[in-house]
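Residues per chain are reported as follows:
Protein chains: 2
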Amino acid sequence: MDQNITSPVSIGIDEIRQAADRLKPWAHVTPVLTSRTLDQRCGGSIFLKCENFQRTGAFKFRGAMNALLQLSEAERASGVVTHSSGNHAQALALAGQLLQVPVCVVMPHTAPAIKHAATKGYGAKIVSCEPTQAARESTVAQQIEEHGYTLIHPFDNWNVIAGQGTVALELLEQAGPLDLVISPVGGGGLASGTTLAVKAVSPTTRVVGVEPRRADDARRSIELGSIQPSGDPRTVADGLRTSLGERTFAVLRGRIDQIVSATEPEIIETLRFLWERFKMIVEPSSAVAVAPVASGTLPVKGLKVGIIVSGGNVDVEPFFQALSSKWLD
Amino acid sequence: MDQNITSPVSIGIDEIRQAADRLKPWAHVTPVLTSRTLDQRCGGSIFLKCENFQRTGAFKFRGAMNALLQLSEAERASGVVTHSSGNHAQALALAGQLLQVPVCVVMPHTAPAIKHAATKGYGAKIVSCEPTQAARESTVAQQIEEHGYTLIHPFDNWNVIAGQGTVALELLEQAGPLDLVISPVGGGGLASGTTLAVKAVSPTTRVVGVEPRRADDARRSIELGSIQPSGDPRTVADGLRTSLGERTFAVLRGRIDQIVSATEPEIIETLRFLWERFKMIVEPSSAVAVAPVASGTLPVKGLKVGIIVSGGNVDVEPFFQALSSKWLD
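As given, the protein sequences belong to chains A and B, one line each in that order. For the first sequence, position 207 matches number 210 in the numbering used here, and the numbering has no gaps at all. For the second sequence, position 172 matches number 175 in the numbering used here, and the numbering has no gaps at all.
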């Protein structure tokens, strides 16, 4: 496992293809969906690659599983640790359960009970920490020190990035040649894997990343030539609040064609469109990638466009609370 | 179009196969989904036939379209009328729009604005009436008198029933031999089509209908040997509040193997399970059909079971209201 960051980009299409082979017995080949309504609205042919139907409800399972499958026997036996309160935590927990690798997740004590429960449901050990970057890092370090865990970073890890690249590989096989592939950008794991896969398989295909306007650190980082912190941006797209890592920054600068952004109203309106028209549950971070096409801010007239719908983990409690209070006496 | 109710059941598998051919250019072949979690939970192999992904978001498009495709030139030119505030209204409206047949929908003025808008969105004329059975019937009669419309009943119409039967036909082709097929029962159009199709194609396959416990008029009707009114049952499953019609009663008595019911908490719990695990939007009436399997009240251990997920039209406003009020300032 090459984690040497002095070599800027140490994976390519070979590692992504190997990841695809490695994941075959474990990950779902998720469907690609189309919609006349969406096509009519934007004038292009849109192919949604639906990772909300992936195991644990998000593409994150691919990267986590690919990373665990490349550990040595000794590393597997000692177990792994990560810090995440989101989809990577659940993905790593399930991957560990399937491979019998102990998983420890460091989570701020402020994380929603539902995420805590989901991760625990897959058999991971959860260690709480204060909701600060410093506390998170020191808690992870302490766990590694005590238990000899291997860190599986949510996105700044070459094997994780290679795993995420398998999404775009599948999409190109399923949808055929595309003019444009769109990925959401948070920490940049999915966007990096997507960029590497697409540019290798189909060099003329453009790759566009989308981030919430309130968390447009990736665009700023690439423009300014150094990683810009995202702060603690107030966006409904909870999966995209993070800033880039050293590896994802190294991949995206100079390789991704464009980074655009979506406003909060655009994100929520697109989310509703996806729920109502596709009858599928997607999370706000996925709506971010579809928003520029659905709202018309990114012109795609006459183009064949693949969009990665990254996940479907969203708290539906408000809906069921309303339903129950109306119908259950 | 044989609407003669003195001949108890005037369609069979031939009419259903003809409907399938007729619908080929118009209706989606909807996917069949499976879930390890659901299989582990009930001990059977469950195949969900997902009509929530059908055009207009429900199986109703099949019956409405099949009925319109069998009208004479003169009938098409005069147009059609129906009474419905639900999925049949939208289905008939789209079918009419596609075939350029004028559609009039009689709707109680109490119908939710969202259903009104959806039906109007497909170009139908909407005539409001008082929310009583008498007002509905007299308004329909008046429209027929005035405009020469043909009535397309939501379920008590042989061509509609034949159209709905194509769902089970597809399911058997997609999932292979099944021990059991489960359909929700409201007015009985889908349950009748399903029963006729399954019993003809695979005579040893059991067919079970499910209705809300608070609207268990179909079970009572069959037990007592005459159509029992459902009253105005207070159930979240808004598509299943109707009682059987003469034709659907004639089909189901003596043909359907069993009718079971689901309580309101079981329906809502199953709805949530389907949303969270399958990441798909289904409506409460669809959860009714899955509930006996998901909650264990219908034992299916070791069985191959097809379940018809009838639709996905549900008002998601409470979810988006909560999201918007939290994230949009």
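The reader is advised that the hints may include incorrect statements.
Which copy? The list can't say, so a pair holds if one copy fits it or any two copies do.
[To be verified] Capping the alpha-carbon separation at 20 angstroms, the derived lysine to aspartate or glutamate pairs in EDC-like fashion look like this:
id, residue 1, residue 2
1, 123, 279
2, 329, 272
3, 27, 17
4, 307, 272
5, 128, 78
6, 304, 182
7, 128, 148
8, 123, 133
9, 304, 78
10, 329, 241
11, 304, 260
12, 128, 318
13, 329, 149
14, 123, 318
15, 329, 235
16, 128, 149
These aren't lab readings, by the way, just hints derived from the structure by calculation.
Comparing the hints with the structure gives:
no.: 1; hint: 123 to 279; result: between (31 angstroms within a copy, 17 angstroms between copies)
no.: 2; hint: 329 to 272; result: between (25 angstroms within a copy, 14 angstroms between copies)
no.: 3; hint: 27 to 17; result: within (16 angstroms within a copy, 43 angstroms between copies)
no.: 4; hint: 307 to 272; result: neither (23 angstroms within a copy, 40 angstroms between copies)
no.: 5; hint: 128 to 78; result: within (17 angstroms within a copy, 68 angstroms between copies)
no.: 6; hint: 304 to 182; result: within (11 angstroms within a copy, 48 angstroms between copies)
no.: 7; hint: 128 to 148; result: within (16 angstroms within a copy, 71 angstroms between copies)
no.: 8; hint: 123 to 133; result: within (19 angstroms within a copy, 53 angstroms between copies)
no.: 9; hint: 304 to 78; result: neither (50 angstroms within a copy, 40 angstroms between copies)
no.: 10; hint: 329 to 241; result: between (29 angstroms within a copy, 13 angstroms between copies)
no.: 11; hint: 304 to 260; result: within (18 angstroms within a copy, 53 angstroms between copies)
no.: 12; hint: 128 to 318; result: neither (22 angstroms within a copy, 38 angstroms between copies)
no.: 13; hint: 329 to 149; result: neither (51 angstroms within a copy, 40 angstroms between copies)
no.: 14; hint: 123 to 318; result: within (17 angstroms within a copy, 32 angstroms between copies)
no.: 15; hint: 329 to 235; result: between (37 angstroms within a copy, 16 angstroms between copies)
no.: 16; hint: 128 to 149; result: within (14 angstroms within a copy, 72 angstroms between copies)
Going through the hint list in order, the structure does not satisfy hints 4, 9, 12 and 13.
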